[in-house]
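J.: Here is how the chains run, residue by residue.
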Amino acid sequence: MSSTTINRDGFRDRIERGEQVEPTENLPREYREAAQRMIQFHANSEIVGTLPERRWIKKAPSLRRKRAISAKVQDEAGHAQVLYRVAETLGLKTRDEMIEDLLEGDAKYANVFNYEAKTWADAGYIACFIDGAAMFRQGSLTESSYAPYARGLRKICYEESFHVKHGEDIIRSLATGSKKEQEMLQDAVDRWWEPTLQFFGPRDDDSVHQDELMDWGLKVKTNDELRQQFLEEFYIPKLEQYGVEIPDDDLYYDEEAGRWEYSPLDWDRFLEVSRGGGPMNDARMDERTRAYEDNVWVRRAAGVN
Amino acid sequence: MTVDNLENAEESFVNALEAELLAVADDDHVMGNRLCDWTGVAPTVEEDVAISNVAQDELGHAELFYDQVAEIREGSSQELAYERSPEEYRNARLLEAPFEDWADTVVRHYCYDVADAVRLRALADGEYEPIEGVAQKVLDEEAYHTEHGEVWIETLAADVEGRERLVAALEDAWADALAFFEPAGEVDPAEAGVYGRPLDAQREAFVERAGSTFESVGLSVPDVDPAAETGREGAHSDDLEELLAETREVYEQGVDVGA
Numbered sequence: 001m002s003s004t005t006i007n008r009d010g011f012r013d014r015i016e017r018g019e020q021v022e023p024t025e026n027l028p029r030e031y032r033e034a035a036q037r038m039i040q041f042h043a044n045s046e047i048v049g050t051l052p053e054r055r056w057i058k059k060a061p062s063l064r065r066k067r068a069i070s071a072k073v074q075d076e077a078g079h080a081q082v083l084y085r086v087a088e089t090l091g092l093k094t095r096d097e098m099i100e101d102l103l104e105g106d107a108k109y110a111n112v113f114n115y116e117a118k119t120w121a122d123a124g125y126i127a128c129f130i131d132g133a134a135m136f137r138q139g140s141l142t143e144s145s146y147a148p149y150a151r152g153l154r155k156i157c158y159e160e161s162f163h164v165k166h167g168e169d170i171i172r173s174l175a176t177g178s179k180k181e182q183e184m185l186q187d188a189v190d191r192w193w194e195p196t197l198q199f200f201g202p203r204d205d206d207s208v209h210q211d212e213l214m215d216w217g218l219k220v221k222t223n224d225e226l227r228q229q230f231l232e233e234f235y236i237p238k239l240e241q242y243g244v245e246i247p248d249d250d251l252y253y254d255e256e257a258g259r260w261e262y263s264p265l266d267w268d269r270f271l272e273v274s275r276g277g278g279p280m281n282d283a284r285m286d287e288r289t290r291a292y293e294d295n296v297w298v299r300r301a302a303g304v305n
Numbered sequence: 001m002t003v004d005n006l007e008n009a010e011e012s013f014v015n016a017l018e019a020e021l022l023a024v025a026d027d028d029h030v031m032g033n034r035l036c037d038w039t040g041v042a043p044t045v046e047e048d049v050a051i052s053n054v055a056q057d058e059l060g061h062a063e064l065f066y067d068q069v070a071e072i073r074e075g076s077s078q079e080l081a082y083e084r085s086p087e088e089y090r091n092a093r094l095l096e097a098p099f100e101d102w103a104d105t106v107v108r109h110y111c112y113d114v115a116d117a118v119r120l121r122a123l124a125d126g127e128y129e130p131i132e133g134v135a136q137k138v139l140d141e142e143a144y145h146t147e148h149g150e151v152w153i154e155t156l157a158a159d160v161e162g163r164e165r166l167v168a169a170l171e172d173a174w175a176d177a178l179a180f181f182e183p184a185g186e187v188d189p190a191e192a193g194v195y196g197r198p199l200d201a202q203r204e205a206f207v208e209r210a211g212s213t214f215e216s217v218g219l220s221v222p223d224v225d226p227a228a229e230t231g232r233e234g235a236h237s238d239d240l241e242e243l244l245a246e247t248r249e250v251y252e253q254g255v256d257v258g259a
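Protein sequences appear in the order of chains Z and D. 1 is the number of the first residue of the first sequence in our numbering; add one for each residue after it. 1 is the number of the first residue of the second sequence in our numbering; add one for each residue after it.
Note that these hints are calculated values from the structure, not bench results. Just so you know, not all the hints are guaranteed correct.
As the list claims (entries may be wrong) - Computed, partial: chain D to chain Z, Cβ under 7 Å:
(1) C36
(2) T44
(3) V45
(4) D48
(5) V49
(6) E132
(7) V134
(8) T247
(9) E249
We put the beta carbon where it would ideally sit given N, CA and C, even for glycine.
Just chain Z, same shape as in the assembly (with noise of 0.2 Å):
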């Protein structure tokens, strides 16, 4: 595909000059594509999200804890909502065959849930540093060329910072607590930290989208972009203000470079995890499937989906 015959209209040049564009307008077909491929991702990322946490909300060891992780679950759900209603906007596929295509496998999600959620101290590490990590891959995102992407995910951010601030309050919670409660965080980091790098994709060079999405405006800051800043600007800083020991001993930061090296994350179990290999792939989708399939009745006695 080369950038001539995709100006029609001078698209690409409206994109360049940082427009936005409407789903009433005339897209190209590989910007659509492109489109949905990404925001399905992310529509299907929010719904896997939902099941880590959910065993959780039960489990929260106060009253004023379980109303907080039962809402941020619950708008881990809103979220899939919104974006599925923006992936449709682009009128290649309704809900339903997004949601198909995920319990097919033919579609993926973010590789970060298919870890487990082990331990109270794992409920609040995903509200405070993934959702963290999120708020930054999605806080770029609201300049996305397409507009309605842009709109939905300026209110999804302003709900992450509540999920943020929820998990974080848990964070110092532990870590000011007992020797028990601070290993148990201690834990925590340790499982999550490289799935949390990881979290925003490949590395520029290995990205196999990357590029076209870029392109298009679609994103507007790269993987390694969006891990370095993560890293610089929220996720060592509260690992040091809780006194979380970083299980990365070469961790350094770069002066000359401006930028924190680490030790190389393992990319082929990255890859192997997305293709089905991680510790709870299967039951993920099981969840999702069997809360799918026993509830057919209900969608259509409804008359939804």
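Fit chain D to the supplied structure of chain Z, relying on the hints for placement.
T.: Using the frame of chain Z, we list chain D on its own:
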């Protein structure tokens, strides 16, 4: 007669009030936790959001009423929610079991909403003045839940399979729903002045309101007596024990308990 300060109230009144407020709080606590089972796996994304909202409301109500009990008893709402054995719980049995399916959820939660509204109205009309505002606040929120339930009953009843499932759920739940209106303490709470309406009259009001909703879609409520075993006197199923054990898992590890 009205009571605006428990320090001057008769002991029998205080005991009856405490028992009933605890039953209200336990009901909300158990129902709220049960509804959380749907978060992330509800029939549609829209319903996922709606049912989680309702769960949070019920949990919020539990906290409001545990706070009220904690003012009467020595203790905190946290202890009341997390440190009592299943036998000490006074919730209705209607609320304990995991939901069988969406129809069971709709039926049991709707029955609960209607019953709770009747009870809260009676509580607001009782002699204890300070509870009126609390009851009213909860009643305002419950109005939305009741409407949500009515829409689902109508929707499911219009579908062949939905209707069958509704009937089955109603058969299973109704005797327990009727047993909602049993005294939680030693004395009759209405006679003691806690409620402005006798329990039997509350039950009748419940049957009339909930029954007419089911009848409006062509379903009749089972002609049965209230279940003999009631959670109000501490007779619970294993389901409650399992549910409470789950809610206490992290708390009992002493992890993040101060929030």
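J.: Hint by hint, note whether the structure agrees.
T.: Comparing the hints with the structure gives:
1. The restraint placing C36(D) at the interface with chain Z holds, with a minimum CB-CB distance near 4 Å, inside the 7 Å limit.
2. A hinted interface residue such as T44(D) counts as satisfied when its beta carbon comes closer than 7 Å to some beta carbon of chain Z; here the least separation is about 6 Å, so the hint holds.
3. Below 7 Å, beta-carbon pairs count as interface contacts, and V45(D) has one with chain Z at about 4 Å; its hint therefore holds.
4. The criterion of a C-beta within 7 Å of any C-beta in chain Z is met by D48(D), whose closest approach is roughly 4 Å, and the hint holds.
5. Taken as an interface hint, V49(D) checks out: its beta carbon lies about 5 Å from the nearest beta carbon of chain Z, inside 7 Å.
6. Interface hint at E132(D): violated, since its Cβ lies 23 Å from the closest Cβ of chain Z, which is beyond the 7 Å cut-off.
7. Using the Cβ-Cβ criterion of 7 Å, the hint placing V134(D) at the interface with chain Z is not satisfied: the shortest such distance is roughly 16 Å.
8. This hint holds: T247(D) has a C-beta 5 Å from the nearest C-beta of chain Z, less than the 7 Å allowed.
9. With its C-beta approaching chain Z no nearer than about 5 Å, E249(D) sits inside the 7 Å limit, and its interface hint holds.
Violated hints, in rising order: 6 and 7; the structure is consistent with all others.
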